[in-house]
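S.K.: One letter stands for each residue in the lines below.
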Amino acid sequence: MYIEMRNIEKSYGDFKASKEVNFGLEKGTLAALLGPSGSGKTTILRMIAGFETPDTGDIIIDEKRVNDLPAADRGIGFVFQNYALFRYMTVYENIAFGLEVKKIHKKLIKERVMELLSLTGLEGLDKRYPNQLSGGQRQRVAFARALAPSPGLLLLDEPFAAIDAKVRQELRSWLKEMIHKVGITSIFVTHDQDEAVEVADEIIVTNQGRIEQIANPFEIYKNPATPFVAEFIGQSARMEGYHKLKGFEKGDFTGAIIRPEFVEAFKSDNLKFQDVMRCSEEGIIEDISFRGNYLEVRLNVNGISLTTRRSLERRPVSVGEKMHVIVYRIYAYDDKKAYLLENSLLNGANIVTF
Amino acid sequence: MKIKSKWILIGISGVFLFFMLVLPLISVITNSLKEGIGFYFQSLATPTVKSAFGVTVLAAVIAVAVNTIFGIAAAWLITRFSFKGKQILSAVIDIPFSISPVIAGLAFLMTFGRMGWAGGLLARLNEALGTNIQIVFAVPGVALATVFVTFPFVSREIIPVLLSVGKEEEEAAALMGADGFTIFRKITFPHIRWALLYGVILCTARALGEFGAVHALSKTRGETFTLPLEIDALYLSNSSESITSAFAVSSILVLMAVAVLIIRNIAEHQAKKNEENH
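Protein chains in written order, with the working numbering: chain A, 1 to 354; chain B, 1 to 278.
Only chain B is shown next, with the shape it has when bound in the complex (with noise of 0.2 Å):
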């Protein structure tokens, strides 16, 4: 009975992984091949699709790079201090894993743009510096907007390991007269970093692929679209020449969340031998 009910199980999880993950995306391969491999290069190598992956390395990279930093400070303070206010805090954090990216996107519009608060602000600023620093409908927004989406993923990784590993080791290295930074680099730091690493993927992972929230800050194709929105661009377009390249640049995308996806099992797998040994 047991091993009946499992076969089943594992029938029904494969024909369905099959068809609504793997079919689509091995259709995605095949329709961004159907004008053959020339034409595949080719419609990689156009000038906004190059702007576009530029784009959105520079986006992934910001959104990782102010994520860890702000990620293993927020971890630290609401695993370590206790005070007023922290489970708000904590779901103050979580805000971004709820709410849809496009509200997100139009509230950074709304706050930035011309009408917005800061949009006056920044219209102030940039005539006292005589600079032309745009947030809306500029690669800073892109950023924004993908650093937005990607807030808790750092922090929600290292918060459950740093509660695991409670504070004890970090006290007995303060007592022998360990200054914070090299407490974090000897006693902490080993604890976390596959969880940390762990976490930089899947934000790295969910910054290629934002869609909503870059959308309502990013109008102009060639300057400030994503590979998403390239993609969406070109698909539109409705000719079935672009349509094939739309397929094109979306197996770039296929073929980065392959590589995150094995980077992911590396990390997992080394997470768990680390914990294993220590």
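Chain A on its own, in the form it takes in the complex (with noise of 0.2 Å):
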């Protein structure tokens, strides 16, 4: 484990920011802290940083306890939400700052800066200050200005928030790369969690100060650990009655989740669906909305709502229409854990949709 956390508390007077946090993170991994807002993951990121101190618990950086060592001694590169650039310096000033106050020659911050800066594909814009760039640069050069120092950890906190919707998927992109290029262990926090899911190998999903899960993007999607993480991830909706539909029997559980990939509404006389006819029950359209590229379809099923996406390509349902339904799979729940439950009647039955 390059990073560890362990057994880490921390109260801001009566409020709990962290309890009991434990985790590990292997070099080289990119790790997203996933969770709303007041879930504690900024917490986490600024004790890692050296900002807050933890009232109780280790924080270890490359098998090295770093409770007591100040921000600036341990080996980090820390990029901000709204990156902090210095405004009175150029690019090139930002990025050397690191380096010059650690006192390195001259010619070693230049050959160091030239590097970052076609690193990054900041090249001719050194002499630039940071009010000249676009939002997509000013990300680049606080990225660059972390690793300048060739910090061991780098930690960025919501480092999308400052950009526009439409270049921010552009930059997801960049920067997991990017950071798997230079091969850096990092964490950075987000609320989003398609941001999340699309840049992580390692997604710590938190809530209410606590880590419910520590998986990848595929994990976390398929198998979520607890409720929470059941109900957080993806477009997850709490049912009633689950066990009325075919299928699914009563367990000891208290509720259960469904997301609208989890629903299969068909039309009789569709020739893809007849194998599984018999496992199908009928559902009444009661509402269908445009969401751009599919349909949105709530259908009532033995009085229980179940919302499913439709594709444009398919043809075209109205209000009031029944429909044949197939519920593949829910997630059910305890206090503390979350199950998955698949249909039964499904096992073995191969369904083609397309």
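A hint or two may mislead.
[Unchecked claim] With beta-carbon atoms standing in for the labels, derived distance ranges:
#	chain 1	residue 1	chain 2	residue 2	range
1	B	84	A	194	38 to 46 Å
2	A	102	B	84	32 to 40 Å
3	A	53	B	118	53 to 61 Å
4	B	5	A	164	36 to 44 Å
5	B	219	A	53	29 to 37 Å
6	B	83	A	51	14 to 22 Å
7	B	235	A	100	44 to 52 Å
8	A	192	B	83	32 to 40 Å
9	B	83	A	62	35 to 43 Å
10	B	273	A	62	44 to 52 Å
11	B	268	A	56	48 to 56 Å
12	A	136	B	84	52 to 60 Å
13	B	70	A	192	54 to 62 Å
Don't read these hints as lab results, they were simulated from the structure.
Quick reminder that beta carbons are idealized off the backbone N, C-alpha and C, glycines included.
Combine both chains into one complex, guided by the hints.
M.R.: Shown next as structure tokens:
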């Protein structure tokens, strides 16, 4: 493990910002701290950086306990939420600052800055001031500045928050590619699950100061460990009376969660679904809303409200129409854990929808 | 309608400013030259005026130096740290804005005078060191009074700038291992330099013109009098010649004020330009 948090607790007055925080990341991992606002993700980042001190527990970077080490001595690069570029310094001076503070020889500084400028595609912009740059370019400067002193760990606080939605997409892949190219262990904070899923190798889901789950994006999506993760990730909705659906039986659970992609709705004359027709039940369309590249269709099945997505390439449907509905799977949960329940009737059946 | 009211407002402001400000200042200049240019320079060259000029400049320089250091420190403290009593400190700094300068002068008189608690302390100190440092009715008292009335100017100019800039850049620099002085010099100072200059100019203007507080602590013409006190003394001596001299000395202050005004506008313009560029 390159970085480890062991039994971290942190309170601000009566507010517990971190409770029993335990996790570790291997060298070279790009991890996302994902959670709603107030869930304690930023507190964790700030404690690793050394801006905050945990009440109890150990922070270990590269096998050294760093709790009592000041921020500047931890070998950390930090990208601030609004980048905090030095407004009165040029791009060159911004990137060089961390090296000048370390009293490194001017010639070596120049080499390193030039190397970073070319790595981040900022050649020729070295004499500009931050206000003469676009949002994306500023992020690149912040990234280069954080990397300049060759830190072992890179921390990024909401790195895409200050960027227009359109450019954001492009920058996500850029940042991911760049971090993997440099090979630096990195942690970024985000409240946007798409961002976490797209960029991170590992996602650390936080909620009310606790770590809910640490896993790769696929696992987080497919096997949420706790009720919170099941509900937080994807377009999840709580549902009542799941056991009334065909293929599911009542278990010792307190509730269930379903996502649109778990629900299939088709017309009775659809040949592709003839094999599984016996597993389906009747649903009536209550509402259809246009979502750009798909339709969101809400159906009433035995008094249970289910939502599914329908491709625009399929035959049109209308409100009040009777459809056949199959639910592939749901997440059921008790107080502590979430469980994946597969439709028992579909066992072995092969559904090819397209 | 809108255009009409605009011209009416311009007219009112113009007339008001002309009669209240411009005309009196012009009359100062014309009155000062009533006895001819020779007399003008002669009345500026008297020993008491020369001494008053020296005391005024000295007090202003001390006030600016003290308040610049104090103002930066206070502004930094108020904008970068949170602590109990911050609101109170902030309010205390503003006291000189709201209190009459005469009261400030009297307060110093009661503190450092023979009857004041610090007066006895000063006497014992002088005895022990064999010195004769006086505060009340001496130049140090004049400087103290000037420092008091110009206290808030520098910090009040810097605080809003520091607040709007935020502390993120400073945090970023600290994380890279920069020490406090480097952070101030390279990160913070460029943000506040024009506001600081503006504060220093306001402080200077106020220091040059202070009358009330200094009046309470200064009693010796030709030794501890400042220019405003000297003008007052000349005017009150009631001969037509000395009244013209009073105007001549006043014209010096008017010229200084105009110079300050010009520098102030340059500083303000630069500060604005600065903000737009960064």
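S.K.: Taking the beta carbons of residue 136 of chain A and residue 84 of chain B, is their distance inside 52 to 60 Å?
M.R.: 43 Å, violated
S.K.: So does residue 5 of chain B sit 36 to 44 Å from residue 164 of chain A, Cβ to Cβ?
M.R.: Check passed, 42 Å falls within 36 to 44 Å.
S.K.: Just to be sure I understand the hint, the distance between the Cβ atoms of residue 84 of chain B and residue 194 of chain A should be within 38 to 46 Å; is that true here?
M.R.: Taking Cβ atoms as reference, residue 84 of chain B and residue 194 of chain A lie about 44 Å apart, which means the hint holds.
S.K.: Range first: 54 to 62 Å. Now tell me if the beta carbons of residue 70 of chain B and residue 192 of chain A are that far apart.
M.R.: Since the Cβ atoms of residue 70 of chain B and residue 192 of chain A sit about 46 Å apart, the hinted range of 54 to 62 Å is violated.
S.K.: Does the beta carbon distance between residue 102 of chain A and residue 84 of chain B stay inside 32 to 40 Å, or does it fall outside?
M.R.: For residue 84 of chain B against residue 102 of chain A, whose Cβ atoms are near 37 Å apart, the range 32 to 40 Å holds.
S.K.: Do residue 83 of chain B and residue 62 of chain A keep their Cβ atoms within the hinted range of 35 to 43 Å?
M.R.: 36 Å Cβ-Cβ, so the 35 to 43 Å window holds.
S.K.: State, for the Cβ atoms of residue 268 of chain B and residue 56 of chain A, whether the hinted interval 48 to 56 Å holds or is violated.
M.R.: 53 Å, holds
S.K.: Is 53 to 61 Å respected by the C-beta to C-beta distance linking residue 53 of chain A and residue 118 of chain B?
M.R.: With Cβ atoms ~44 Å apart, the hint is violated.
S.K.: Between residue 273 of chain B and residue 62 of chain A, does the beta-carbon spacing fit 44 to 52 Å?
M.R.: Since the Cβ atoms of residue 273 of chain B and residue 62 of chain A sit about 47 Å apart, the hinted range of 44 to 52 Å holds.
S.K.: Determine whether the Cβ-Cβ distance between residue 83 of chain B and residue 51 of chain A falls within the hinted range of 14 to 22 Å.
M.R.: 18 Å, holds
S.K.: Can you let me know if the beta-carbon spacing of residue 235 of chain B and residue 100 of chain A is within 44 to 52 Å?
M.R.: 60 Å, violated
S.K.: If you check the beta carbons of residue 192 of chain A and residue 83 of chain B, does the distance land in 32 to 40 Å?
M.R.: 36 Å, holds
Violated hints for the displayed structure, listed by number in ascending order: 3, 5, 7, 12, 13.
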